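**Q** Residue strings, one per chain:
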Amino acid sequence: MSQLKPSFIYFDNAATTKTAPEVVEAMLPYFTEYFGNPSSIYTLAGTSKKAVTQSRDIIAGAIGAEANEIYFTAGGSEADNWALIATAEAYETKGRHIITSAIEHHAILSTCHYLEKRGFEVTYLPVDEYGIIDLNELKKAIRKDTILISIMFANNEIGTIQPIKEIGVIAKENKILFHTDAVQAFGQIPISVNDLNIDMLSASGHKLNGPKGIGFLYIRKGVKSRSFIHGGQQERGRRAGTENVPGIVGMGAATKRALAIMEDKTAKELELRDYMISKIAQEVPFSKLNGHPTRRLPNNINFSFEFVEGESLLIKLDMEGICASSGSACTSGSLDPSHVLLAIGLPHEKAHGSLRISISEENTKEEIDFTIEKIKEILQYLRNMSPLYEDYKKKML
Amino acid sequence: MYSEKVMDHFSNPRNMGEIENASGVGTVGNAKCGDIMRMYLDIDENGLIQDVKFKTFGCGAAVATSSMATELVKGKTIQEALKITNKAVTDALDGLPPVKVHCSLLAEEAIHAALWDYAQKNGIEIEGLSQPKTDIHDGEEEETYE
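So the sequence lines, in the order shown, correspond to chains A and B.
Using my numbering, the letters of the first sequence correspond one by one to residues 358 to 754.
Using my numbering, the letters of the second sequence correspond one by one to residues 105 to 250.
Read the hints as simulated data drawn from the structure, not as lab findings.
Note that the structure is a prediction, hence the values are computed from the model and not measured.
For each residue, glycine too, the CB sits at the ideal point set by N, CA and C.
Treat each hint with caution, since some may be false.
Below, computed lysine-lysine pairings styled on DSSO-like, alpha-carbon distance capped at 27 angstroms [to be verified]:
{"hint": "1", "chain 1": "A", "residue 1": "K751", "chain 2": "B", "residue 2": "K191"}
{"hint": "2", "chain 1": "A", "residue 1": "K733", "chain 2": "A", "residue 2": "K636"}
{"hint": "3", "chain 1": "B", "residue 1": "K109", "chain 2": "A", "residue 2": "K750"}
{"hint": "4", "chain 1": "A", "residue 1": "K613", "chain 2": "A", "residue 2": "K636"}
{"hint": "5", "chain 1": "A", "residue 1": "K751", "chain 2": "B", "residue 2": "K136"}
{"hint": "6", "chain 1": "B", "residue 1": "K180", "chain 2": "A", "residue 2": "K750"}
{"hint": "7", "chain 1": "A", "residue 1": "K474", "chain 2": "A", "residue 2": "K501"}
{"hint": "8", "chain 1": "A", "residue 1": "K645", "chain 2": "A", "residue 2": "K733"}
{"hint": "9", "chain 1": "A", "residue 1": "K733", "chain 2": "A", "residue 2": "K750"}
{"hint": "10", "chain 1": "A", "residue 1": "K581", "chain 2": "A", "residue 2": "K625"}
{"hint": "11", "chain 1": "A", "residue 1": "K522", "chain 2": "A", "residue 2": "K532"}
{"hint": "12", "chain 1": "A", "residue 1": "K375", "chain 2": "A", "residue 2": "K752"}
{"hint": "13", "chain 1": "A", "residue 1": "K451", "chain 2": "A", "residue 2": "K496"}
{"hint": "14", "chain 1": "A", "residue 1": "K645", "chain 2": "B", "residue 2": "K237"}
{"hint": "15", "chain 1": "A", "residue 1": "K733", "chain 2": "B", "residue 2": "K136"}
{"hint": "16", "chain 1": "A", "residue 1": "K625", "chain 2": "A", "residue 2": "K501"}
{"hint": "17", "chain 1": "A", "residue 1": "K752", "chain 2": "B", "residue 2": "K136"}
{"hint": "18", "chain 1": "A", "residue 1": "K752", "chain 2": "B", "residue 2": "K180"}
{"hint": "19", "chain 1": "A", "residue 1": "K752", "chain 2": "B", "residue 2": "K109"}
{"hint": "20", "chain 1": "A", "residue 1": "K751", "chain 2": "B", "residue 2": "K109"}
{"hint": "21", "chain 1": "A", "residue 1": "K529", "chain 2": "A", "residue 2": "K569"}
{"hint": "22", "chain 1": "B", "residue 1": "K225", "chain 2": "B", "residue 2": "K109"}
{"hint": "23", "chain 1": "A", "residue 1": "K625", "chain 2": "A", "residue 2": "K578"}
{"hint": "24", "chain 1": "A", "residue 1": "K731", "chain 2": "B", "residue 2": "K237"}
{"hint": "25", "chain 1": "A", "residue 1": "K375", "chain 2": "A", "residue 2": "K625"}
{"hint": "26", "chain 1": "B", "residue 1": "K237", "chain 2": "B", "residue 2": "K180"}
{"hint": "27", "chain 1": "A", "residue 1": "K451", "chain 2": "A", "residue 2": "K406"}
{"hint": "28", "chain 1": "A", "residue 1": "K750", "chain 2": "B", "residue 2": "K225"}
{"hint": "29", "chain 1": "A", "residue 1": "K625", "chain 2": "A", "residue 2": "K613"}
Here are a few chain A residues that sit away from chain B, every Cβ distance over 10 angstroms (derived from the structure) [claimed, not checked]:
{"hint": "30", "residue": "F365"}
{"hint": "31", "residue": "D414"}
{"hint": "32", "residue": "A417"}
{"hint": "33", "residue": "F585"}
{"hint": "34", "residue": "M619"}
{"hint": "35", "residue": "K625"}
{"hint": "36", "residue": "A638"}
{"hint": "37", "residue": "S669"}
{"hint": "38", "residue": "I729"}
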């Protein structure tokens with residue numbers, strides 16, 4: 358690589374990604390030149406409207422949907438909230454039971470808690486040690502009044518990919534709607550809503566080198582859904598508010614780019630991912646891979662390191678210019694560590710000592726080697742400071 | 105998110121380590137909540153804290169409060185050490201983010217636990233010191249937003 362090396366190593370692509378230069382370039386004219394409101398009548402507005410239509414077509418094509426089944430939102434969380442709340446309201450006369458999993462993103466879990474307070478019942482399916490739901494458990498959880506199954510495509514913390522096709526079949530056989538939070542999967546792995554029997558799908562722009570503040574909800578034609586934001590005819594009357602035209606253009610451009618590079622990007626990421634996983638497993642004592650060895654996102658690496666706490670590890674890594682994340686309580690702003698790591702059976706202290714590395718195709722083996730060396734140094738330092746490690750050593754004597 | 109002082113104490117913790125045959129050792133916190141602090145005190149026959157060391161499993165704030173607490177108790181009498189509050193530790197660090205204030209409680213409790221251990225070992229009573237709770241998170245509840 359000939360370009361200047363950045364002053365930091367970015368390993369947090371599951372949190373957000375760098376907006377690709379071609380995406381920014383595509384967006385810019387829609388701030389300055391073609392700033393018209395797509396709902397207006399004059400020619401200037403027509404340019405904006407056309408851009409929105411083009412983006413919608415690109416996105417629909419990416420998942421094998423029709424353009425009028427794509428509804429732009431302000432991001433993945435809004436799409437998740439909408440999918441759950443609007444479906445619950447539209448189908449509550451049929452039933453008030455929803456099935457989801459224990460390892461969903463909080464955009465799903467907190468919305469489920471909200472619905473529970475309003476008289477809905479929610480079953481949270483457990484997962485195995487890899488974070489995969491049990492299809493038999495899913496079948497057993499289905500009741501006469503089940504109106505919705507919402508299971509994430511791929512997990513944001515441990516990267517585990519769910520058996521989406523099988524879930525889709527079960528949902529279809531039982532005539533239950535199937536929503537999937539595909540925020541981590543869209544643009545990373547191929548998705549066909551028809552092959553997978555998906556009725557609703559949430560996605561976000563900034564996870565695939567698009568801008569922040571834009572996402573979409575796919576709603577299959579025929580699925581009843583209440584309008585989520587009231588006050589205008591935008592998004593077929595279901596999501597009012599003047600369209601975020603630059604954001605929508607950026608989302609379209611990012612989707613187009615993601616599809617074009619997917620094969621190469623995945624191949625590069627898989628090589629880097631598996632290189633890093635095997636190297637950490639071999640070289641770092643008291644480490645354990647979280648998630649499934651193969652049924653995981655190409656960009657996800659998640660390890661637990663015993664006797665250390667995640668936030669301390671992250672601050673030390675940051676001092677070395679390495680950006681990563683952790684499932685420790687301290688990074689979640691609460692006293693409990695990640696619900697995902699607890700759900701796969703990790704004891705609290707190991708959940709606190711987790712590190713998530715989410716790579717991109719732009720990372721290198723050199724960056725990975727450097728990071729592993731730093732992880733080793735930091736762990737040695739933190740373990741030396743840890744009363745848990747002291748107790749462990751005394752027990753071993 | 106952290107003050108310069110917190111970062112300084114996290115990066116260069118003072119008095120980190122163990123004291124063999126310490127006069128008193130106290131361990132507080134729990135792994136469930138992600139922070140455990142152990143404090144070792146070396147107390148001379150005049151009741152003066154001659155040396156102090158700590159070991160901590162926890163976040164940046166937990167390490168920094170541990171480090172600061174050891175600085176505050178070193179050279180103090182038992183009664184002076186007993187008066188060190190979590191607020192004193194927090195203030196000495198130029199403050200902590202609200203979600204991290206519980207870490208300073210850990211430091212205060214660790215001092216008490218180590219003094220309690222010293223008192224037990226020597227069969228003495230320290231005025232104003234009752235058996236400290238080992239888990240500072242008892243009764244603490246998470247805030248929920250709806």
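**Q** Determine for every hint whether it applies to the structure shown.
**A** Verification of the supplied hints:
1. A:K751 to B:K191: Violated, at roughly 34 angstroms.
2. A:K733 to A:K636: holds (11 angstroms)
3. B:K109 to A:K750: Violated, at roughly 32 angstroms.
4. A:K613 to A:K636: Violated - the C-alpha atoms of K636 (chain A) and K613 (chain A) are around 34 angstroms apart, more than 27 angstroms.
5. A:K751 to B:K136: Holds, at about 21 angstroms.
6. B:K180 to A:K750: Given pair K180 (chain B), K750 (chain A) is violated - Cα atoms ~32 angstroms apart, limit 27 angstroms.
7. A:K474 to A:K501: This hinted pair holds, its Cα atoms lying about 21 angstroms apart.
8. A:K645 to A:K733: Distance of about 14 angstroms is within 27 angstroms: holds.
9. A:K733 to A:K750: Roughly 18 angstroms between the alpha carbons, so the hint for K733 (chain A) and K750 (chain A) holds.
10. A:K581 to A:K625: violated (41 angstroms)
11. A:K522 to A:K532: holds (15 angstroms)
12. A:K375 to A:K752: violated (47 angstroms)
13. A:K451 to A:K496: The hint holds at about 19 angstroms.
14. A:K645 to B:K237: violated (33 angstroms)
15. A:K733 to B:K136: holds (24 angstroms)
16. A:K625 to A:K501: violated (46 angstroms)
17. A:K752 to B:K136: holds (21 angstroms)
18. A:K752 to B:K180: Violated, at about 33 angstroms.
19. A:K752 to B:K109: violated (35 angstroms)
20. A:K751 to B:K109: This hinted pair is violated, its Cα atoms lying about 33 angstroms apart.
21. A:K529 to A:K569: violated (33 angstroms)
22. B:K225 to B:K109: Roughly 35 angstroms separates the two Cα atoms, so the pair is violated.
23. A:K625 to A:K578: Not OK: K625 (chain A) and K578 (chain A) at ~37 angstroms, beyond 27 angstroms, violated.
24. A:K731 to B:K237: violated (37 angstroms)
25. A:K375 to A:K625: holds (17 angstroms)
26. B:K237 to B:K180: Holds. K237 (chain B) to K180 (chain B) sits at ~23 angstroms (cutoff 27 angstroms).
27. A:K451 to A:K406: violated (38 angstroms)
28. A:K750 to B:K225: Judged against 27 angstroms, a Cα distance of about 24 angstroms means the pair holds.
29. A:K625 to A:K613: Satisfied, since the Cα-Cα distance of roughly 19 angstroms is no more than 27 angstroms.
30. F365: At about 17 angstroms from chain B, F365 (chain A) clears the 10 angstroms cut-off, so the statement holds.
31. D414: Check passes; 38 angstroms lies beyond 10 angstroms.
32. A417: holds (35 angstroms)
33. F585: holds (18 angstroms)
34. M619: Non-interface label stands for M619 (chain A): nearest chain B Cβ at 36 angstroms, farther than 10 angstroms.
35. K625: Answer for K625 (chain A): holds, closest chain B Cβ roughly 34 angstroms.
36. A638: holds (23 angstroms)
37. S669: violated (6 angstroms)
38. I729: holds (22 angstroms)
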